[in-house]
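S.K.: What follows is the residue order along each chain.
There are 2 protein chains.
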Amino acid sequence: MRTRITKDQLKSPAGFGDWSPEQASALDHMLGIIREQYMLAGFTPMHTPLVERPEILFAKAQGEVTNQVYGLRLMKPAENSPTDEKNLAIRFDHTVPLARFVAANQGEMVFPFRRCAIGPVVRGEHPKDGRYREFIQADVDVIGDKTLSFDHDAEMISIISSVFDKLAFGPFTIRINNRKLLTGYLGSIGCETPDVVRRAVNIVDDLEKKGRTETLQNLADLGIEENNAQHALEFLTRSYTIEEAFEELRSLEYGKEFATGVAELETVIDSVRQFGIPASRYCIDLSIARGLNYYTSTVYEAQLDDYPDLGSIAGGGRYDNLADDFSPRHLPGVGVSIGVTRLLRRLIKMGIVEIKSKTVAKVLVASRDFQTEKELHLSRASLLRSAGIPTEAFLEKRDLGKQLNFAARRGMKVVVFTHHGNDDHDAGRKIVVRNLEQGDQIIVPEADLVVTVQSML
Amino acid sequence: MRTRITKDQLKSPAGFGDWSPEQASALDHMLGIIREQYMLAGFTPMHTPLVERPEILFAKAQGEVTNQVYGLRLMKPAENSPTDEKNLAIRFDHTVPLARFVAANQGEMVFPFRRCAIGPVVRGEHPKDGRYREFIQADVDVIGDKTLSFDHDAEMISIISSVFDKLAFGPFTIRINNRKLLTGYLGSIGCETPDVVRRAVNIVDDLEKKGRTETLQNLADLGIEENNAQHALEFLTRSYTIEEAFEELRSLEYGKEFATGVAELETVIDSVRQFGIPASRYCIDLSIARGLNYYTSTVYEAQLDDYPDLGSIAGGGRYDNLADDFSPRHLPGVGVSIGVTRLLRRLIKMGIVEIKSKTVAKVLVASRDFQTEKELHLSRASLLRSAGIPTEAFLEKRDLGKQLNFAARRGMKVVVFTHHGNDDHDAGRKIVVRNLEQGDQIIVPEADLVVTVQSML
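Protein chains in written order, with our numbering: chain E, 1 to 457; chain Z, 1 to 457.
All clues given are correct.
Same chains, same names: a pair is fine if it fits in one copy or spans any two.
Each computed BS3-like pair below joins lysine-lysine, with the alpha-carbon atoms no more than 27 Å apart: (1) 349 <-> 128; (2) 11 <-> 86; (3) 76 <-> 86; (4) 166 <-> 362; (5) 356 <-> 11; (6) 362 <-> 402; (7) 210 <-> 349.
Keep in mind that the hints were calculated from the coordinates and are not lab data.
Using the sequences plus the hints, can you model the full thing?
M.R.: Right under this line is the structure:
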């Protein structure tokens with residue numbers, strides 16, 4: 001005999017959540033919009049497996065992600081089971097698999113290569129503070145052969161803009177920066193080694209989370225003089241118009257890297273404007289760094305203006321050489337990633353995304369007497385479905401009232417059933433079409449079923 | 001310094017394949033059709049995570065699947081890493097997670113509960129003979145509370161029919177059987193214990209793969225007398241019309257279970273007819289058993305008539321109690337599963353599914369002189385995209401000829417670029433719209449860009 005499973009065991013493991021039908025509908029709706037915008041911009045889906053070789057993943061894993069890679073092991077192997085489990089690990093993002101794919105297939109590829117990837121990734125994090133261990137990332141990237149113009153960076157920003165316009169979660173701002181500008185500046189205020197620069201970048205990136213006092217302390221701990229740290233906070237968080245910003249940035253002398261960063265940023269912003277992105281949708285934010293990521297130039301992230309606590313809702317940037325470690329060819333790239341799971345779960349929790357219908361079905365085919373009317377019942381369902389109307393047929397013996405209640409509880413809009421009038425000699429050939437939202441109903445000939453239902457949806 | 005990755009390491013692990021952009025387009029097209037048909041029949045998507053508790057999976061795993069469950073382990077855990085990896089395993093199907101979800105949430109659910117699940121599952125099989133370790137299953141199931149009418153079984157068959165009608169892989173046949181009929185018969189010819197019946201069911205199920213001689217030998221090895229084994233092969237593989245079949249089946253006296261199976265099968269077939277499924281799409285096949293699965297009554301599987309070697313392309317059946325082991329409530333169910341990965345990979349290999357365009361983009365925005373025309377170039381891309389036309393903008397400096405070549409190689413249909421006529425004083429405001437398929441082009445005013453492109457697609 002098997003042991004019965006306890007109630008606690010029926011919960012999915014922490015950080016690996018279910019999406020109930022109503023939540024899944026919201027998720028699918030969101031993914032559909034993202035996918036459509038990605039495809040309108042010519043980014044073709046490309047799928048890599050959930051499972052990659054660990055050496056591929058570890059060649060690119062940086063920082064804490066290194067400790068979050070799950071490998072696979074057969075739990076109850078048989079004598080003849082595959083024995084290569086040491087070669088199997090789960091992807092933690094879509095970019096590393098892209099790098100592998102491009103390195104492996106570059107001979108047959110046409111550059112610039114554009115692809116989108118929407119699907120789950122897994123990280124062994126502590127499941128708290130709205131963090132998930134399995135989450136959906138929706139990415140686009142474009143990879144160039146040797147060179148890639150900065151107009152591609154602007155295009156990424158235009159894609160973020162069109163996606164969040166269509167998602168309609170309210171006004172948003174895309175903050176744009178350049179890593180060279182940031183690291184050039186940090187170098188000039190006393191960050192002497194690349195490692196110190198890197199750590200300073202992360203401290204600056206956490207500014208919004210940690211606040212001014214802690215950030216100043218962290219910069220001081222890194223060996224940066226107090227007046228320099230003060231200057232950094234002021235300089236990096238100043239808010240001015242794009243024209244003002246470039247007027248000042250161009251005049252500053254923080255060395256060659258800084259000047260390159262300013263010029264790159266100006267090219268990107270110029271191109272963003274030419275894509276026709278409304279000026280209210282973007283700004284320059286010199287404190288944006290995108291954390292531990294491998295970005296080397298342009299970086300950007302988006303926030304919802306009305307919900308700054310949600311933090312970054314999408315972000316990305318330019319990386320010098322995607323296939324670094326995998327191929328001698330120089331393949332620069334730029335991309336965007338939307339962390340769909342975390343964003344949508346929080347929007348649902350906050351009531352910003354509404355969860356309504358429990359079913360995709362809009363119509364219920366019901367019956368007063370299923371057994372005698374079965375043939376009509378089933379053929380009506382088939383007819384409505386072939387007309388493209390999502391239709392559920394109620395196939396259990398239940399009172400008509402219960403069937404109407406079932407349709408209402410599940411959020412359907414229309415119920416149809418045979419009309420049983422007393423006078424009408426051909427009553428069986430007429431149908432009641434009841435509108436559950438309005439509460440009214442009309443009686444129509446069988447032949448008018450589809451058009452009548454369509455008119456109510 | 002990091003070690004460079006070798007060419008062999010750039011291949012995804014055996015049994016975990018990439019889908020190149022052109023293959024991914026075919027996959028997404030196929031999944032889109034399946035999903036649409038599932039939703040038209042009122043089956044709402046419901047997502048469960050990739051990762052489940054092992055005790056849930058092992059409570060339901062049967063046969064060789066037991067040895068194929070992959071658990072997770074952190075490959076390089078840090079001191080503060082989560083330590084619950086013994087509680088994490090990857091799902092091997094969608095049905096066990098459904099059982100868990102229903103058992104956990106039954107209090108808030110409305111029955112019959114319909115859901116579809118389309119996504120990857122993982123099994124530690126040997127990756128050979130077109131077997132994949134990661135593959136996409138596309139399932140629908142309906143779960144009843146205590147009872148569930150046999151019309152649901154017929155509805156599943158109607159869904160298989162509408163999916164494969166729309167997929168247009170050619171004519172197909174859905175073979176229908178009933179497990180009670182089969183086990184009742186096998187009991188009557190000398191399979192005395194449930195275990196022997198179960199093993200005989202599997203032998204019969206393998207008939208098509210193994211052939212008559214081996215099957216007879218296997219039945220003999222099981223202790224079935226030779227004349228009984230001979231009779232079984234004849235009885236179970238006879239081909240007759242549905243009317244002939246029931247006339248005979250009703251008259252046979254193989255005990256109560258057999259008679260129940262015949263009656264259930266007749267109810268299902270009757271309902272299949274009433275759903276309006278063309279008679280050419282289905283038949284009775286008494287040898288169908290669906291292997292080691294947990295089905296207890298109706299079973300069915302589909303084959304492509306022109307490609308019998310592909311074997312079963314979809315299948316399913318009725319199970320008595322989904323939440324068995326998880327809940328005391330009796331929850332009968334019936335479902336369908338399509339093994340998308342295996343089927344599509346083979347159809348692509350055989351050339352039945354054609355792989356064409358390398359991109360979703362239909363239009364390329366090009367330029368003779370990108371630098372001077374950049375603003376027009378980018379705004380044209382934005383305009384076409386907001387008109388719903390998948391558009392790629394070529395953002396590198398390249399000869400126009402190379403850009404045209406790029407569009408053609410990637411399978412786009414139209415290229416647009418500024419007209420530079422000699423006479424025309426407002427040449428810059430006119431656009432060349434070139435049809436790559438026909439090889440012709442027309443020159444139109446800027447304002448006609450969208451309508452002209454639309455007329456060519």
